[in-house]
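2 protein chains.
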Amino acid sequence: MNKSCALIDHSPLTVDDMSIKQTWIQFIHDLQNVTCAALEQADGKAVFKEESWQRPGGGGGKTRVISDGNIFEKGGVNTSSVFGEVTEAMRIQLNIDGAKWFASGLSLVIHPINPFVPTVHCNYRMFELYNEKDEVIDCWFGGGTDLTPYYLFEEDVRHFHQTYKNVCDAFDPAFYTKFKSECDNYFVNWHRNAERRGLGGIFFDYQRPDEICDVNFWVNFCKTCGAAFSNAYLPIVEKRNKISFTNEQKNWQEIRRGRYVEFNLIHDRGTLFGLKTDGRTESILMSLPPTVRFKYNYQPVEGSEEDKLLQACLQPRDWV
Amino acid sequence: MNKSCALIDHSPLTVDDMSIKQTWIQFIHDLQNVTCAALEQADGKAVFKEESWQRPGGGGGKTRVISDGNIFEKGGVNTSSVFGEVTEAMRIQLNIDGAKWFASGLSLVIHPINPFVPTVHCNYRMFELYNEKDEVIDCWFGGGTDLTPYYLFEEDVRHFHQTYKNVCDAFDPAFYTKFKSECDNYFVNWHRNAERRGLGGIFFDYQRPDEICDVNFWVNFCKTCGAAFSNAYLPIVEKRNKISFTNEQKNWQEIRRGRYVEFNLIHDRGTLFGLKTDGRTESILMSLPPTVRFKYNYQPVEGSEEDKLLQACLQPRDWV
Numbered sequence: 001m002n003k004s005c006a007l008i009d010h011s012p013l014t015v016d017d018m019s020i021k022q023t024w025i026q027f028i029h030d031l032q033n034v035t036c037a038a039l040e041q042a043d044g045k046a047v048f049k050e051e052s053w054q055r056p057g058g059g060g061g062k063t064r065v066i067s068d069g070n071i072f073e074k075g076g077v078n079t080s081s082v083f084g085e086v087t088e089a090m091r092i093q094l095n096i097d098g099a100k101w102f103a104s105g106l107s108l109v110i111h112p113i114n115p116f117v118p119t120v121h122c123n124y125r126m127f128e129l130y131n132e133k134d135e136v137i138d139c140w141f142g143g144g145t146d147l148t149p150y151y152l153f154e155e156d157v158r159h160f161h162q163t164y165k166n167v168c169d170a171f172d173p174a175f176y177t178k179f180k181s182e183c184d185n186y187f188v189n190w191h192r193n194a195e196r197r198g199l200g201g202i203f204f205d206y207q208r209p210d211e212i213c214d215v216n217f218w219v220n221f222c223k224t225c226g227a228a229f230s231n232a233y234l235p236i237v238e239k240r241n242k243i244s245f246t247n248e249q250k251n252w253q254e255i256r257r258g259r260y261v262e263f264n265l266i267h268d269r270g271t272l273f274g275l276k277t278d279g280r281t282e283s284i285l286m287s288l289p290p291t292v293r294f295k296y297n298y299q300p301v302e303g304s305e306e307d308k309l310l311q312a313c314l315q316p317r318d319w320v
Numbered sequence: 001m002n003k004s005c006a007l008i009d010h011s012p013l014t015v016d017d018m019s020i021k022q023t024w025i026q027f028i029h030d031l032q033n034v035t036c037a038a039l040e041q042a043d044g045k046a047v048f049k050e051e052s053w054q055r056p057g058g059g060g061g062k063t064r065v066i067s068d069g070n071i072f073e074k075g076g077v078n079t080s081s082v083f084g085e086v087t088e089a090m091r092i093q094l095n096i097d098g099a100k101w102f103a104s105g106l107s108l109v110i111h112p113i114n115p116f117v118p119t120v121h122c123n124y125r126m127f128e129l130y131n132e133k134d135e136v137i138d139c140w141f142g143g144g145t146d147l148t149p150y151y152l153f154e155e156d157v158r159h160f161h162q163t164y165k166n167v168c169d170a171f172d173p174a175f176y177t178k179f180k181s182e183c184d185n186y187f188v189n190w191h192r193n194a195e196r197r198g199l200g201g202i203f204f205d206y207q208r209p210d211e212i213c214d215v216n217f218w219v220n221f222c223k224t225c226g227a228a229f230s231n232a233y234l235p236i237v238e239k240r241n242k243i244s245f246t247n248e249q250k251n252w253q254e255i256r257r258g259r260y261v262e263f264n265l266i267h268d269r270g271t272l273f274g275l276k277t278d279g280r281t282e283s284i285l286m287s288l289p290p291t292v293r294f295k296y297n298y299q300p301v302e303g304s305e306e307d308k309l310l311q312a313c314l315q316p317r318d319w320v
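Protein sequences, first through last, are from chains W and U.
Position one of the first sequence corresponds to residue 1 (the working numbering), numbered consecutively onward.
Position one of the second sequence corresponds to residue 1 (the working numbering), numbered consecutively onward.
One should not assume that every hint holds.
Note: identical chains are not told apart, hence a pair may lie in one copy or across any two.
[To be verified] Subject to a maximum C-alpha distance of 20 Å in a straight line, what follows is the list of computed SDA-like cross-link-like pairs (lysine to any residue):
hint: 1; residue 1: K295; residue 2: S67
hint: 2; residue 1: K276; residue 2: A194
hint: 3; residue 1: K250; residue 2: T291
hint: 4; residue 1: K49; residue 2: Y296
hint: 5; residue 1: K45; residue 2: G57
hint: 6; residue 1: K295; residue 2: G258
hint: 7; residue 1: K276; residue 2: W101
hint: 8; residue 1: K100; residue 2: E85
hint: 9; residue 1: K250; residue 2: D68
hint: 10; residue 1: K276; residue 2: I266
hint: 11; residue 1: K250; residue 2: E73
hint: 12; residue 1: K295; residue 2: V47
hint: 13; residue 1: K295; residue 2: G84
hint: 14; residue 1: K295; residue 2: E50
hint: 15; residue 1: K295; residue 2: E254
hint: 16; residue 1: K276; residue 2: Q93
hint: 17; residue 1: K165; residue 2: V320
hint: 18; residue 1: K295; residue 2: V65
hint: 19; residue 1: K295; residue 2: S181
hint: 20; residue 1: K295; residue 2: D68
hint: 21; residue 1: K295; residue 2: N251
Keep in mind that the hints were calculated from the coordinates and are not lab data.
Predicted model only: the values in this text are computed from it and were never measured.
Make the full structure from the sequences, and use the hints.
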């Protein structure tokens, strides 16, 4: 885990490094454009509204939110590229040792109206750390895409996982199994008997480039994952969006959304780090669902459709 | 802050100490009974349902929840008396040095239906720490009561604060100012520009008995605070409960409830410690509101009634 970036073996901040950053920033903005366009087309009514913001300490971002659509109740596709000096909080909370840092990524969360359409989340990010002389001393990539259904359609979950398995297999035959398992072990409400937030996907973090998998490898991997998003998610939206639902089914969705809130506010490293280090609160909390229900000790009827979903969240399984 | 318990100057776990614990446990159960009865009477429809639970590591509690009343949408009045060995997590997170501990308290949160009726929270607790020989080596009391309105009726907030000022003044003329300010500085969403969860009340923690304010003093102070709850809160319920409200006003309440969720899950020491040390999740999260709304970057119209409440949360003021 302590290998350093292939690129940075040549040391100081070079034109190569600048071009990697530029390539990355170009990638997340292209992905933001393409993904927003695909989601708007699927929705057929709502359009994304953009807000650009600057971070006082350095950098900024573009937050794009959608709400009250035909299909999507609330969602955001955000990019940010921020940099600054390593603070005491970062030293302690991120266990980071360096003088300056750069972080850039895209983050997406979509909450549909219909409880038969799953919520989806994806995130792709790169991080660089510099010494006092502005030389790159560390670099890593992270990201993933995961699905949070409210009702279990096994074929949908299989399709979603198969899409990312295909992407992974094109890069490394070991990736899917590894990153699927990392996903299952990350999005966990530990305070609820290790109940998972959803039915997973892939998740990877602290992927440091080396001689075999260099910076370009990881940028291409993230690009390919990002490009697969629409194929992974939109066919499910298309297939389930017209199913009519009852108030009880909507309530169940809102109860499960409560678990989403619990995970994001209690356990999610990204959310907590952002909130505790002066990130832009509204952009970070864009991820929270539009309407949520917290019931005391709610338990679905054993064997019901709601219980089937819950059991799948309690016991991660193989989908491909 | 490092004075030790008057009682424990006489050292080992004595009959006196047992009787203090018994007195305390009796107090929280009496307060639970009296408060539930008063709330049921005010509501006129819903009754509390009780669940008793045992903690595998030692002790247990009685959770009483109310829901779907005439007035109260969701609420709980919980007691627990738990004990165990000091774990590594407690050593780090509570900065506690000892072999065993005992904690006992009452915790109450009430979420009314009508947005003109405030949410209320109160909590009274005692904590003891023992060495390997079961001798008491530390002891403290904590608690408070605070009001979270959705619309600002200044006379209600004044009444609430005046009630607790009267209680405080009977014990120490310095208490109200001190504990009011501690309350303003505790229930804070630091990630939202130091916006307070509500309009305060009193809050105190780590109150260690000494020669002047001994154990009996603190037990009596907590008893008097607890007894004042109904007088502080129920007249406000009575006065505002019949005001008719629009969907927009209900939405505003649900947006503010979102801030309540954010505080409890991101910042509240008690909630996080409970969740991360195997507390009973359902009893701890009973505090979360029944229905909640998270809107992207919602800002009330300047000068509106909603904005007046928000401004009062951003700038704590003197109410008596």
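Hint check:
Taking CA atoms no more than 20 Å apart as the test, K295 paired with S67 passes between copies only; the shortest distance there is 9 Å, against 25 Å inside one copy. With identical chains, the CA atoms of K276 and A194 are at most 20 Å apart between copies only, with a shortest distance of 12 Å across copies and 25 Å within one. Proximity of K250 and T291 under a CA criterion of 20 Å is satisfied in both settings, with 10 Å inside one chain copy and 13 Å between copies. Taking the closest pair of Cα atoms, K49 and Y296 come within 20 Å of each other only across two copies (11 Å); inside a single copy the shortest separation is 36 Å, beyond that limit.
Proximity of K45 and G57 under a CA criterion of 20 Å is satisfied in neither setting, with 37 Å inside one chain copy and 54 Å between copies. In this assembly of identical chains, K295 and G258 lie within 20 Å of each other by CA distance both inside one copy and across copies; the values are 9 Å within and 15 Å between. Only within a single protomer do K276 and W101 lie at most 20 Å apart by alpha-carbon distance; the minimum there is 17 Å, versus 31 Å between protomers. When the C-alpha separation of K100 and E85 is checked against a cutoff of 20 Å, the pair qualifies only within one copy, where the shortest distance is 4 Å, while the shortest distance between copies is 43 Å.
In the homo-oligomer, the alpha carbons of K250 and D68 lie at most 20 Å apart both inside one protomer (16 Å) and across protomers (18 Å), since each shortest distance falls under that limit. Within a single copy, K276 and I266 get their C-alpha atoms as close as 13 Å, and across copies as close as 10 Å, so both meet the 20 Å cut-off. Taking the shortest Cα distances, K250 and E73 sit within 20 Å of each other both inside one copy (12 Å) and across copies (19 Å). For the identical chains of this complex, K295 and V47 are inter-copy neighbours only, at 16 Å across copies versus 33 Å inside a copy, given an alpha-carbon limit of 20 Å.
When the C-alpha separation of K295 and G84 is checked against a cutoff of 20 Å, the pair qualifies neither within a copy, at 42 Å, nor between copies, at 29 Å. For the identical chains of this complex, K295 and E50 are inter-copy neighbours only, at 15 Å across copies versus 34 Å inside a copy, given an alpha-carbon limit of 20 Å. For the identical chains of this complex, K295 and E254 are neighbours both inside a copy (10 Å) and across copies (15 Å), given an alpha-carbon limit of 20 Å. In this homomeric assembly, K276 and Q93 come within 20 Å of each other (Cα to Cα) both inside a single copy, at 10 Å, and across copies, at 17 Å.
For the identical chains of this complex, K165 and V320 are intra-copy neighbours only, at 8 Å inside a copy versus 64 Å across copies, given an alpha-carbon limit of 20 Å. Taking the shortest alpha-carbon separations for K295 and V65, only the inter-copy value of 10 Å comes in at or below 20 Å, while the best intra-copy value is 28 Å. Taking CA atoms no more than 20 Å apart as the test, K295 paired with S181 passes in neither setting, with 30 Å inside one copy and 33 Å between copies. Proximity of K295 and D68 under a CA criterion of 20 Å is satisfied inter-copy only: 11 Å between copies versus 25 Å inside one chain copy.
Taking identical chains as interchangeable, the C-alpha atoms of K295 and N251 lie at most 20 Å apart whether they share a chain (10 Å) or sit on different chains (18 Å).
Hints 5, 13 and 19 from the earlier list are contradicted by this structure; the remaining hints agree with it.
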